[in-house]
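Enquirer: The primary structure of each chain is shown beneath.
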Amino acid sequence: MALIECRQLTKTYRKGESTIKPLDRLDLDVEQGSFLALMGPSGSGKTTLLNLIAGIDHPTSGSLTIDGQNIAKLSRSKLAAWRSDNVGYVFQLYNLVPVLTAYENVELPMLLHPISRKERHERVATALSLVGLADRHDHYPRQLSGGQEQRVAIARAIVTDPAILVADEPTGDLDKPSALAVMDLLTRLNQELGKTLIMVTHDAQTAEYANRTLHLDKGRLADDSVQAAFSGETATTQGAAS
Amino acid sequence: MISLRYWPFVLKQVWRHRVRTLLTVAGVATAMYLFVAIQAMQRGVAEATEASAADTTLVVYREDRFCPFTSRLPEYYLPQIERIDGVTSAVPVRVVVNNCRASLDVVTFRGVPDERFADTIGRDANITSGTLEGWQRRSDAALLGETLAARRGLKVGDQFDAAGITAYVAGIITSDQPQDQNVAYVHLDYLQQQTDKKLGTVTQFNVKVDDPAKLEQVAAEIDALFDAAEQPTTTRSEKAFVAQVAGDMIELIGFTRYLGWGCLIAVLALVGNAIVLSVQDRIKEHAILQTLGYSGALIGRLIVTEAVVLGVLGGLVGAAGALATIRLTRVSFSVDGLSIPIDADLHLLATGLLIAVTLGVLAGLVPAIQAARRPIATCFRAV
Ligand SMILES: Nc1ncnc2c1ncn2[C@@H]1O[C@H](COP(=O)(O)OP(=O)(O)O)[C@@H](O)[C@H]1O
Ligand SMILES: [Mg+2]
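Protein chains in written order, with my numbering: chain S, 989 to 1230; chain C, -3 to 379.
No wet-lab data here; the hints were simulated from the structure.
Bear in mind that the values here come from a model prediction, so they are computed numbers and not experimental data.
Quick reminder that beta carbons are idealized off the backbone N, C-alpha and C, glycines included.
Beyond 10 Å from chain S on every Cβ pair, some chain C residues (computed):
| # | residue |
| --- | --- |
| 1 | GLY160 |
| 2 | THR170 |
| 3 | LEU195 |
| 4 | THR230 |
| 5 | GLN240 |
| 6 | LEU255 |
| 7 | ALA262 |
Output of the computed footprint for chain C on chain S, the stretches with three or more beta carbons under 8 Å from beta carbons of chain C:
| # | stretch |
| --- | --- |
| 8 | 1060 to 1069 |
| 9 | 1072 to 1079 |
Using the sequences and the hints, build the whole thing.
Expert: Structure (structure tokens):
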């Protein structure tokens, strides 16, 4: 069984008289440990799909089973607890809390977990050094470059050690070198830590980091191209993780 | 409320949105300062005028005279009053006021016979510096209420002037009675000589009754006794007397009650405004927290906590400021020589803080509920 199973997943919005359907009866399986790139024209439903998988939005119909649990059926508060344990979200515009330092931003999701201060401190420090920013722990977001901000955001997304990472155009606002650093980091998280990674991107070059690329169009999947070069590795990662 | 580990987060929000916090706290502090000052006045009036079950003091004064200054009664009424059933003691008092108007700096001389001094002061009064013997030894000696002594900076051995009378400070008394605060107790005959150039006339008699229940009955008997005399009397309980004499001012102070409520509304509006604005400012931030796994309910609680912190900070500064001002200046209103002290204690401070907490919760509640219910995905799109 795949880690993430979308069945007839549909999302509609009412806009006055008309209804918009960003996702239209979508079927999708994502294997544990895989790295999936989502591409498609703007407005094709990529963010909507990511939000559903990340549990910050409810599907209108269909089922969304993650690790055997249909999260479409969870209540708002149950879903919040589920997010805290299972997903990390990386935004295009980093979305760090401006009045908090890098350390404090990464600490935020850990506050939800009843562990000792010392243990929390260790987890946050580990996450920050994993993204190579241990020395910037007391910097505020405004004192960091875009690339550094995004790496702090990634540290925040992984500090609770979730199985799934979703990233919505994580390099969309970065210059080339920073984008490369962020992509290297994400690839390592996928390959070394076995995180299942789903990433939206506009950029074909960025999509090449993934081992599978899907194209969305008007809320439906256009094709499914598994990149041969990475498929072997995916299998290995899966084997190690299960 | 919220778990201890979220407190640093809330406090950082308060501390690091410094301008907002300063402005809000300053506004709340001003309103709470006024509120506590007004409460203190209200309580002063209540203590000086509201009858309590333990009251046993009557004041006998000349009929139709409101200002004690103008009341004149012959001292020889004393034995007749003392003979009435239920009267435990009666003290002839000559009152001289330096300022027979509503005023903040009043000195009330009370001339009392040496041997009856103990009967005139409040039950729990104490001479805290100087001695009764020292007072009895000198004809121009005075025992000062602590408020008066503190306000004028007087201590034992000093001389002071008021209302054309010079007196020597022989001691200072502390008392729980409002009317013992701005008073200088001097010898009756000394005061009579200084003001009337002769003996025999007093302003009033302070009468103690053995049972609070008999207050009315004894008062009626006294007035009946002198009904046909040349100087008829009016007798009331001490507090009713104060309430009557200071009626205009009490009405005025009573009116400030509405100002007090206005202050509370101002606090509510200030904290509410600050929180509404900051919640609107932080729609995205709250969506981020929700994405990280914070439940709507937790975010709501964080917001309410922040509102409470703002309210309490302002409340603490304002209430403590008011308390300090009142304590240091020892203000009291006086009318016709009767004092209405403005009284503030820690109990009032605690009340102020409790109100600040309540208002903080109220102010934070609506924005908190709104933030808790906002759908996450829409928040990211809106900004
Ligand atoms: N909350 C919403 N209300 C109305 N329409 C929405 C909402 N969220 C998304 N949409 C619409 O759904 C469509 C898909 O949006 P989105 O998933 O953000 O596309 P993409 O990320 O691929 O650009 C768009 O037409 C968008 O306007
Ligand atoms: Mg998008």
